[in-house]
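Required output: the full structure, derived from the provided sequences and hints.
Per our numbering, residue 60 is the first one in the sequence shown, and the count goes up by one each step.
Mixed in with the good hints there might be a few duds.
[Stated by the list, open to error] Below, in silico cross-link-like pairs of lysine-lysine (DSS-like), each with a Cα-Cα straight-line distance of 25 Å or less:
1. LYS269 / LYS279
2. LYS120 / LYS172
3. LYS287 / LYS269
For the record, the hints were derived by calculation from the structure and aren't laboratory data.
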Amino acid sequence: MTSENSADCGSRGCAADPCHPRDRFVAAETACCIAQRFLPGDAGTSPVVADGVVYIGSDDKNVYALNAGTGAVLWSFTTGGFVESSPVVANGVVYVGSFDDNVYALNAATGAKLWSFTTGGGVGSPAVADGFVYVNSGDAELYALNALTGAEVWSFTAAQQAPAPAVVGGVVYFGCYSCDYVYAVDAASGEELWRFSASGIILGSPAVSKGVVYVSSFDKNIYALDSKTGEELWRFTTGNSVYSSPAVANGVLYAGSYDFNLYALNAMTGAELWSFPTGNQVFTSPVVANGMVYFGSGLDNIYAFSLPAGGKKK
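Shown next, in the form of C-alpha cells:
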C-alpha cells in the first residue's frame, strides 16, 4: 500500500513525512502521509478499511491485512492466483476473489480460511447482503453463496464476465465486460427481472440510489435507469469512454471520463452541475465521504474537493 502527500506537507503543520512526496495531491484540506507499506506485488485493487485494519489484494497472489495507522502487516493469506478483487468485510469475515477461480472467506482477525468456493474462471470483487455472497466469475456466471458455509444457492448465466455487482432492495444489478447489457436479477432466486442494452461495454459497477440505477459505458454515456423496470430515464454524453463506476450522494452523481473530466450531474435530471478538467484520463471511481469527493486521474494524481450542500465544489 502506498500513501503520498504534497511536497510541502511538513510546512502545513503535519508531522515529518515518512513517505516519498511527489507533489501530486490537490486537496481542499490538509493531507499528510502517515504510513507507507511496500508489498511484494502490485496492489491492483481498492483496499477496504474496517476496525483499524486495511485489507487489500495483490498480484503476488496474497491478501494482506495491514494496520491502518502504521502499515504493519498483521497477516497474509496466499491464494493460487492474482488477487484483483477488492475485499469485502462483513461480520468479522473477509470475502475476496482470486484468479485461481476461487472465492475465499477468511477470518478478519487471523486470516484463517473459513471456506472457499471454486468457480469456472477468475473471480472479481464480491458483494455481501442478507447472508449471501454474490460474485461474478470469468465463466460468465453470477453466483449466490451462503455467507456462512460457502454453499451455492443459485447461479445466473450472463452473456460475458461481469464487474462487481451491486445489491440493493433484494435485487442484484451488474453490467458486462464484453457486452453492453445491464442486468437486474432477483437476489433470492436468481431470476432475471430485466436487462438494458447500452451501446458499449460496461466495466464499472452500478450505483443505485432512490430507485435509480446509474451505469457508465464505453459508448461515452452515463445512464440513469428505473430500478424496477430498466427503463432509461436519462443519459449524459461525455467526450470519451466512461470506464469507472459512478458515485451518488446528496442528489448529485459524480463520474469520471476518458475525456479528462470529472462530472457532477443532477442525479434526477442528468443536467450538468459542473465539471473539472484534470489533464488526464479519469479511470478511477470517485468516492464521496464526509463532505468530500475523492478521485484519481492518470497514474499520478489524486484530487479531493470539499462539497457544500448542493454538490458544488469549493
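So, going through the hints one by one against the coordinates:
{"no.": "1", "hint": "LYS269 / LYS279", "result": "holds (24 Å)"}
{"no.": "2", "hint": "LYS120 / LYS172", "result": "holds (15 Å)"}
{"no.": "3", "hint": "LYS287 / LYS269", "result": "holds (11 Å)"}
No hint from the list above goes unmet by this structure.
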